[in-house]
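K.L.:
Could you use the hints to bring the two separately framed chains together as a complex?
Same order as they appear, the protein sequences are chains A and B.
This note's numbering runs 73 ahead of the 1-based position in the first sequence.
This note's numbering runs 1 ahead of the 1-based position in the second sequence.
Derived by calculation from the structure, the hints in this document are not laboratory data.
Where a beta carbon is used, it is the ideal one built from N, C-alpha and C, also for glycine.
You may find that some hints are simply not true.
Simulated coverage check for chain B against chain A, where a stretch passes if three residues somewhere in it have a Cβ under 8 Å from a Cβ of chain A [what the hints assert, rightly or not]: (1) 72 to 86; (2) 94 to 105; (3) 144 to 157.
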Amino acid sequence: MNRPRPFTLLLATAGLLLALLILLPIIALLLASSPADLLQLVLRSEVQQALWITLLSSLLALPPILLLGLPAAYGLSRVNGRRRRMLETLLELPMVMPPIVAGLALLLAFGRRGLLGSLLADIGLRIPFTLLAVVIAILFVVTPYFVRRCTLLFDAVDSRLEDAALLLGASPFQTFIRVALPLVRRGLAAEAVMALAQGIGLFGTIILFAGNLPGRTQTLALAIYTAFESDPQQAFGLGALLLLISFLLLTTVKWLAPGESLQ
Amino acid sequence: MSGLECRVQYPLAQYELAVDLSVRPGVTVLLGPNGAGKSSLLRLLAGLAKPRAGRIRLGERLLFDAHKKIDLPPEQRRIGMVFQDLALFPHLDVRRNIAFGLSVRRLPKEAVKTRVDEMLDKLGIAQLAQRSVTTLSGGERQKVALARTLITDPQLLLLDEPTAALDPSARGAIRRWLHQILGQLQIPTLLVTHDAEEVAWFRKRVAVIEKGQIVQRGSYHQLLREPQSDFVARFAGINMISGEVFEDRFEKVFISSGGTKLQGQFGSVLPGPACLAVAPWEVLLFAEPPGGSAQNVIPGRVIERIVLGDRVRVTLLGAEKLVAEISHRAWKQMGEFDKGTELHAVFKTGEARITNN
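Looking at chain B on its own, in the form it has when it is part of the complex (with noise of 0.2 Å):
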């Protein structure tokens, strides 16, 4: 099965949209701030928006085409999408809103039938089948929804912000049962988020959009190693330690003004302040100070762990602040220690890019 090719040009109140992106089969998790124009792509992608200038090719299918003036209605483009709000049918209960797709294609009823019993059991809600949509928790109409978006047997899957609807407390469940699905399936998704929580799920394929324009794109690891836009950095929560770089007759000393000396990756950084950079992945976490050369150790009090999907952020306080992001089993071996706990933050010399600001 292959994916989705498009370039797409659409005009927006502050800016222009000009996408170029492909999707492969998998998930590939679009990130962006709110108004970049996610949501407006998906429009386009769909077929609810025109856009002005472009291609949008679905494996061997051309959907839209400027040039050749082809532009297939939603309703031909084999696309399943799932709405931010969901928009399920409240006048039709759950089998029927999941029946909705099979149903408007005449399948006969026995069919239809059996297919929403395999989807309902699929998915593990076999026991909402006759409920009122309108009763249904969040997360149950997530599950709805995509049940109803998956029998028509897209063959390319849009998910507009899947759990922002949500409340906090139901959304770490949902997201794990979606990653669950979605790694089951072979089907190139396009998941649209803000939310970076939503990218520590789906790391391997991320695009980033800002004002209209895929401004990265890479594993979860590549965009935080090497943030292209302050919005990456934000989210990535890189480590940031400004500070100054001296230079005597041999090598380049990175002071940082909390007075800490560190080494890193100079480069062609000139003597002055300068900063470095870490990312949170690459901070080790230790109870007591290992040996060893070329890393760096820094000690601190953890004042913040959060649980994100199956990684643990920690924030350390010290004579630095630091963000280690380790794994969660690497937490539980370290007894799941919470705030208070002193640790050492350790990072390799080589994993610290020292730039100048």
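Just chain A, with the same shape it has in the complex (with noise of 0.2 Å):
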């Protein structure tokens, strides 16, 4: 057997390390809670809300970032040089933004008093502090990710494929509807049910422009942070639960995502 070299063994450790860092805290949390104290959480109801209105929004909030993701992915994956640096760095001004930041943003466009909001008031709208807030914070956040990774899938179909169905005498609405998403379909999904996890994570923006009211905008994350003010138990046990649907989605991504080779 070869012995290891140097520079692998340090290699080694750094992956270890790292490994620790992110397996400890995991497992400090999971064991915090027995699993007989995670079915008696599930079982009551403010908590069921929460966790009704944290699966609720994700899911409202997915066909919009479809809808308006796909196009956005597809047509980007098409621009190329300068034009297409200036729409990716708008699409990442989102991502750099701090959550909290974000919220404050949205709050000054659709609130009462926000650019929108005499509009809005007008056709009797009232965005902040509704189950829509929440659903417009989880779209403001996710879908440039969204449409960033989407675009990557696109970039990676050949194009001739799509000059061969051109040709065929495909309209380029059928090119992409019969040729484009069919090739990513895998990857794609795996994009969708990475939206849902960042949506079921999203704190920050949420409680800013959507605030944290029980039944209506309070989603787990939420009432994981009120419940640390007063019963820092059920917050841990709220936690574990968050990380175990999380991990469930993870582990939906990884096995939708590995046969991407266009099969």
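P.N.:
Here it is as structure tokens:
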């Protein structure tokens, strides 16, 4: 057997330490509550409410994310050079924006005294502190990530397949629906699940823009925040619950993603 | 059915593509070295790239006109193109690949099925219908790609290096198949290639493109007889025998560097260093030296023999090195000789052109 070389050992050590850094808090969180505790927690109505709002808001955000994000990503993948860099920077803006600042910005845009406030008031629409606000917050934060990653998916589609479709008489829209989309379908499914997972964990933007109203805008993440001030043990339990949901979604992503080789 | 008329200009990295070309029903081969602008021209015709100036007309329809600002998108041009890498849809099986062009036209399912079945039968690939295109061999993929294109009933067919992606063992069979299928069609077809062997199958109409320009066109044999560029001469394998022209009082004589005295068309050649050119298919091969005058006879030994489509190309080495191209039938009648056979190369003096280099 070959003796491992020093540099290999160095790499392995760094990897091991990182694994510990990741796994230790996760294990600690999972150990903090017994399965029985979690079961009891899930049976409580305010937890079920928060769980419901969490899943509902993320699911409601998904269709607009797809509807806005897919054409944008497909369009972006066909742009090159300076225009593409400019558009990408625009996309990255919400990504580097601290979530809490995003919440403030959304308030100033859609709030009662915001830019669109009077317009929205005229049609009788009050967005802040509603489920709609939660959905908009998710849309604002998650869509840019979704578009970025989907652009990479579309970049990988062989443009000759699209040329071939056009020459066979397909319109550009048919080419998109019948060739580009099916070719990236697995990656796309993975990205959709990823968007769900991202929405489920969102905190700062929601608490500012949608508030922390149990039964209306309080998601699991917000419920953890509330619980932590009064009953840390419950917060740990909720945390474990959220972690399990995220882990489930991540597993789904991994299960969807690997066969991405055009099969 | 009428053909394609195109006159296009398009800037490329090294030079400008400036092509004036007409394609009549039947196969026209566009021959040129790599980087001559062949694929760019196909993309311009297909509408995948936009010419800087010019006009493309297909039959009665104007596909592109820079002045009139007409530029039909690819899906409205009714041009079928078989890409070099075939571009089969990997997410669809063979049947659905072939049906694609019909189903985007929203034809009823039954009609699509009937026509796909007909096409599968016509091209002899019915057994592949349910296969995934990712499991097909190169030749099978080629057939599926052609079926997928032909079913849309194109008014112009573009084939981009149709056999380049195949491994050499499959090439011959696919060429023969392609020759047979294309021979039955009355569609103007532009077949792009850099491979002389391909041209050997489609000899009638050949256009040569170099550095973005059509430098020569005519039949394969016309090209070979009077190659107007290095590329054609090289690909044609025109025999060039160097030597010297001497003149006495009555006549001119050509003596090769190898010392052979040869006769040819001297034209206005001056005494001194010169070159005798004779096309390979003007060189006949005989086992015994034939009688008769007005012809040159050079004995030699066969050092190479290549079957090119229905022609056989033979290289003979004696005092001179000569390439002869004879029909497959003639080769058979001569007992399918191989390397090492001693033969006599014969060509008429009228077919040998002598020029100063």
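K.L.:
A separate judgement is required for each hint: does it hold in the structure or not?
P.N.:
Okay, the hints, checked on the actual structure:
Look at the stretch 72 to 86 of chain B against chain A: 10 of its residues bring a Cβ nearer than 8 Å to a Cβ of that chain, three or more, so the hint holds. With 3 residues having a beta carbon nearer than 8 Å to a beta carbon of chain A, the stretch 94 to 105 of chain B meets the requirement of three or more and the stated coverage holds. Against chain A, the stretch 144 to 157 of chain B contributes 3 residues with a C-beta closer than 8 Å to a partner C-beta. That satisfies the three-residue criterion, and the hint holds.
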